[in-house]
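Chemist: Residue numbers (the working numbering), protein chains in the order written: chain V, 18 to 304; chain S, 36 to 1222.
Keep in mind that a hint or two might mislead.
[As the list claims (entries may be wrong)] Under 8 Å between C-beta atoms, here's a sample of chain S residues computed to sit facing chain V:
| id | residue |
| --- | --- |
| 1 | Arg314 |
| 2 | Gln420 |
| 3 | Gly574 |
| 4 | Thr575 |
| 5 | Asp576 |
| 6 | Leu583 |
| 7 | Arg584 |
Just so you know, these hints were derived from the structure itself, not from any lab.
Values in this document were obtained by computation on a predicted structure and should not be read as measured data.
The beta carbon of each residue, even a glycine, is placed where N, CA and C say it ideally should be.
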Amino acid sequence: MLEIKNLTKTYAGDVKALDDVSLDIPPGMFGLLGPNGAGKSTLMRTVATLQLPDSGTIQFGDVDVLAEPAGLRSKLGYLPQDFGVYPGVSAWDLLSHFATLKGVPKARLQETVSDMLELVHLFDKRHKAVSTYSGGMLQRFGIAQALLGDPTLIIVDEPTAGLDPTERHRFNNLLAEIGENVVVILSTHIVDDVADLCPLMAVMKSGKIAAQGETKELRSALDGKVWRRELAKSELDATTRDHQVLLTRFVGGVPVVDVFADEQPRDFELAEPEFEHLYFSIVGAEV
Amino acid sequence: MTLSIARYELWRLLRSKQFWFTATVFGTLGFVMMNYSGALLGGGNISVNSPHNIQLFTAALTLFGIFLVASMVAPAVTRDFELDIWQVVFSYPISWRQYVAGKFMGSLVAAWIAFAFVIAGFVAGAHGPLVRETVRINPFDLWHYAYPFLVFGLVNLFVMGALLFALATLSRRVIWAYVGSLLLFILWSVSYEILNDERFEPWVWVFDAMGYSSYELVIRYWTPFELDTRLIPLRGDFLLNRAFWVLVGGLLVALTVWRFDPYPRSQRGRGSDRESAIRRNVRHIPVTPQVLTSATPLRQFRLRARFEVLRVMRSVPFLLLVVFAIWNTIAIARMIDPVFGSPPLPLTRVLINALGQSFWLFVTIIVVFYAAELVWRERQSRVDQIVDSLPVPSWVFFGSKLAAMWGVIGVVVLACAAALVAIQLASGTPVVWSLYVSELAFRALPFLWIGVLAFFFQVLSPNKFLGMLFMLIYLGLSLAGSTIFDTANFLVFGTHPSTDVSGLASQTMRRLEALEYDAYWAALCLVLAVLCQVLWRRGTDEGLGQRLRVARQGAGRLALGTALAGLVAFVGIGFALHREDVTNNPIPPSENREEAWQVRYEEVMRPLENLPTPVITSVKLDFDTYIETLSAESRGQIVLENRHDAPFEDVMVGVPMIARVNRLAVEGAEVAEEFPEIGFTRHRFEPPMAPGEIRRVDYDLELDFSNYPGGQANGRLETSGTAMYLFEVIPDLFGYNVINALSDPNKRRQYGLPENRAEIAAPDEEWGRRFNALFGVSNTIDFEGTYGVDLGQTAFLGGELTRTWEEGERAYFHYKSKAPISLALTVQQGEYTTLRDTVDGVALALHHHPADDYHAQTFMEHFKASVPYYSREFGRYPYEEFRIIQKAGGIGANSNSGQLTFGEFAGFVSNLSKDTSVDWGTHVIGHEAGHNWWGIMVTSAKAEGAFMLQETLAQYAGMILLEKSYGRGMVGRFLRHSLKQYHTDRNASNFEEVPLYRSRQETDYVHYWKGAPIIYGIKEMIGEAAMNQALADYFSDWAFSVGRYPTSLDLLAHLRAQTPAEYQDTISDGFQRILMHDLSVTEVEVAPEGNRFRVDATLRTRKLERTPEGDETPVAINEPLQVVVVDDEINRSDRYNAAILAERRLWVDEEQSVVTFYVDEEPTAVIVDPYHNFIERNVDDNVRRFE
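Could you put together the complete structure from these sequences and hints?
Modeler: Take a look at the structure:
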């Protein structure tokens, strides 16, 4: 449904934000992972008609997004990674404003706004200026405006940033039940969210798609290839040098290292692959 | 810590390209100001880079410095909140206070550095390679540049910076800084305006945040020599002003540092509580179908427009701005330039005319700020990504913001209108609603176009301050264009030709013409609007290159078509306008073209200067005007006589540039050469015109007044109040007439013309007596004429009215001179109310605009008093009629034989309600009626001093009438203003000062404003009878003299003959030297002695003489000073209304002297020289009250 082909974008200073990115995204939840600066937000903004690529095409259904951005905007729900609001405007007024602009008919405006505010648990605070909301409340307001109407392409960039665990789960659950004909792109660096929600995913690294496919399949590729051991701090350098380290963490104050290898390295034991292992096997571990 | 924050802030600003760009713009501003305006202002009396000019320019440019502080200082802290990095900032171990103080210091120093470029620009402008050789330049003196930078530059930027910084930082919204900017602007214009009203003088230092008006106040009476050499001393009111505002600035900074609180404030949204929200349990994402049809954009536009407009109008800054607009308007209206201390009544037309440049600037500044605010609103609040991805066409965003901007303009203009109407209602003057509607709508139009331009700049520029800077450049250029360069309206974006409104003449025709210019700019605005729309920032590709790419890809046919249509209309209208107003217009709307005419005229005609020409002895004129078509026909005959002793080979004949010539025949002559570019032809006499011979010139001209280009309001056919000189409607046969030549000495230098436009004889050179100062060899004529006008109009020509009749829709007036009249003849017509009276067999008439009857009766009484007095004292009035006619517009007046033309605002609409007002109208009646004796019956020779003989004596006539009508106090009041005017005009003049008896046309400040106190002072000393005897003797020698004319030496001889020996030196001082007196009462004591009071007053007397080198040196004194003791009426009214308890004129020959009086009543003050017999710079210290 959303076909992205050969997108390339170079910023001033020869920073390649997108390097020949191609993705084919069917309806449903699609997870986009990657470290900071990998080009996720550039890709999101490009799809959301806020930026033009240097080359490449984007097709959403029968809309050529780059040629007729207006065609996409009428189907889009977009939550930017970082946003603000007009100062001094209440949540009710602002959401009504956005809803009207999105084409929500007057007759259904009140009901839509009221339901949406209730959905994101802001109904009680609807008269307060959104500009005075706390980070989490503002994020919820952002989610509400992105979901207004009947968008068939929902792009949410780091939607759960700043939300407390309860709200995060609620939001994830909401996303999960979005209709079948809707493409939802969830860009995040919370690896578990993708694991839990998205049947399909891609990982970006340095402007490129480093891996894409079904989440389950990608993970199962790691079966029998993740190995773990506890070690002393002094051994860390040597281990990093000799192995492809996926993850280093402390368990009960003792460093535990997980490495990737086709065969069992010495002193390592087989470990159950976690979703994080998948992520780090693609983008490289932080040491 | 504070210092390192300051250093960082400074460094951050200095690293930005924008800083250097801004600095360069300011440097250029300084350069242009010094190099161009300096050369224009300087000249005869002051050097281009005189300390005065440098100080004035520095102070004036600090007003532009508001931009520097608004863009650098004001947002220094607010910026960190907008970028949301404040939390990071405060995670470092710095205190808020250090942070705020550091930010202020750093950014202020940056603004100072940028402003220093102005000074560098001055230096380059005055001493650089592009300096004109023809201007006067003082040698380079660093202190002359550094001092103004210190006392104006640094201080003003500090004060302005502190205010804007405090407002922006404490409110954390930059818009408050804009409000502050307007406050500063208003303080500036108010403090400048109140200079016109001396009641406010003691308070100027409080209002004057920039020191500009305090400066003006201190240097007001400085001589050109002082202005050229001295810097303003840092003491007195000026020091007070600077110190006060530095203190205010310091307190504001302290307040900001103290009250600053970085944490977000809770704020309730302005919720519409109308919604009856039904709350229900929602478990799933509610889905509402989006309905997007072709009607949606319009709905979105209405919503956005409402949203934008309400966001602006409901904001506190906007409400404040409206309050400012009202305040500004009231200030403007309250301080309309009074004419000699009496302001005009607040009539609708007067108030509308008062909304001049300061109003234009005020609204334009609002436009500049709101354009920045509106265009950048989404980005500033970081809601842009959400809004930009909504299914809304870009034109909706642009359009709704423009609607908000235009709404702002509309509200501000309405607020001004409301303020003006309120002033009128309060003062009970009639409100002319139709004029408010049409004129304010007309005057608001340019703001709409400027609004689009401001948007366009904001759309183009990468940030709002750069966009504002572009507008600043536009402002500078357009101000320079209209005030210095006289740029045609085609070339100054958004402007249309405008004229003052008149109560007599309808402006409709001119406005309709001017609206063509609005159509022209509207067409360009359409193009700009399309560009704004396609280049609108949509998304995060904000670079102009990227947006151009998007635009190329996204611009639809509609946009392209609209832009193309706009462009075609713009070029088409522009072309048509150019053809109509420039190419096909004989009198183009530009001074440059007029100058070209003048220069060519001088080239062709100057060789004839001071050569005899045939004398005009009689004129016949049949004149018909048609208001509907704005056309006229002029037919008749001019009779020439050769009174010279040799034959004339040829004669030059000119016709008005707007004339179509049906017939122009010089008897016995053929056209030998044509100069169509100036409308002249050389006719060769065949045979030559012999001495004593008479020849006739027959003419038949059609005049087309229908073209009303830029701002020409003079001498045109009006719906009422038309006044045209005779030679605007008949052929010109004078030879070289100096009036037609270019006067401004700087421009003469530019065009390579000789320094003086006329070669004038010295008073003692005999050859000058062969020509008169007005018309060369011609002077009085026999006149006969018929004037046909549309029914309802009354028409006036020279001579006596012999017959009137009507034919269909036309009325005819036949005039014939029974005694010869002057060639100075004004053709006038209009719809009038007439007052009539008779005195000594002379029929008096006063024709005025029906609505302007405020003082008509009084004027008639005074007119009636003047004619017999002059007849008795100077010489007999020779005509049977004497009339005054009000014309449309103007504050001036002129005099013809038996007919005086009064400018619309020359007294008829003065506000004389206060007992301290000067009745300017009565003075003008006396002055102009007096010209019938001094100028018309006695015409002076074309020699230096000619204008003293005309104007100083007319001033005398005016003052005598004031004295007879009101008493000496009124004359004293008049003379006080006269002295002020003398100082002001002299310092602004391009012409070097000369002694009164050698005054030329160009040194008008000498023969009008210095002449008045001198001539009245002599009268006070020698007495009215002696004075008038001298004048009567002079009159009887020279009245109606033909072929030989008097010089100032003749008058002086008669004057000296009537003057006792003791005052002979005083006459020399007044007429033949350039002197300045400094008289004051330094101490007074009063003590009761019996039932009387003894008064001792200490006088200080100084006298300075201006040497030819421009230096001023004290000279010995021996002055007949008048000293008076007055009662306490001086405290209730003014010094001129106070009763005089004792009066004495005594000779003073020492700098310090004591004079003693005994008075019966309790005295209140002592005044030296109460009626201003001496030329003084400061007359305020002439009074001293008892403790």
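Chemist: Let me make sure I understand: some of the numbered hints might not hold for this structure. Which ones are they, in numerical order?
Modeler: 6
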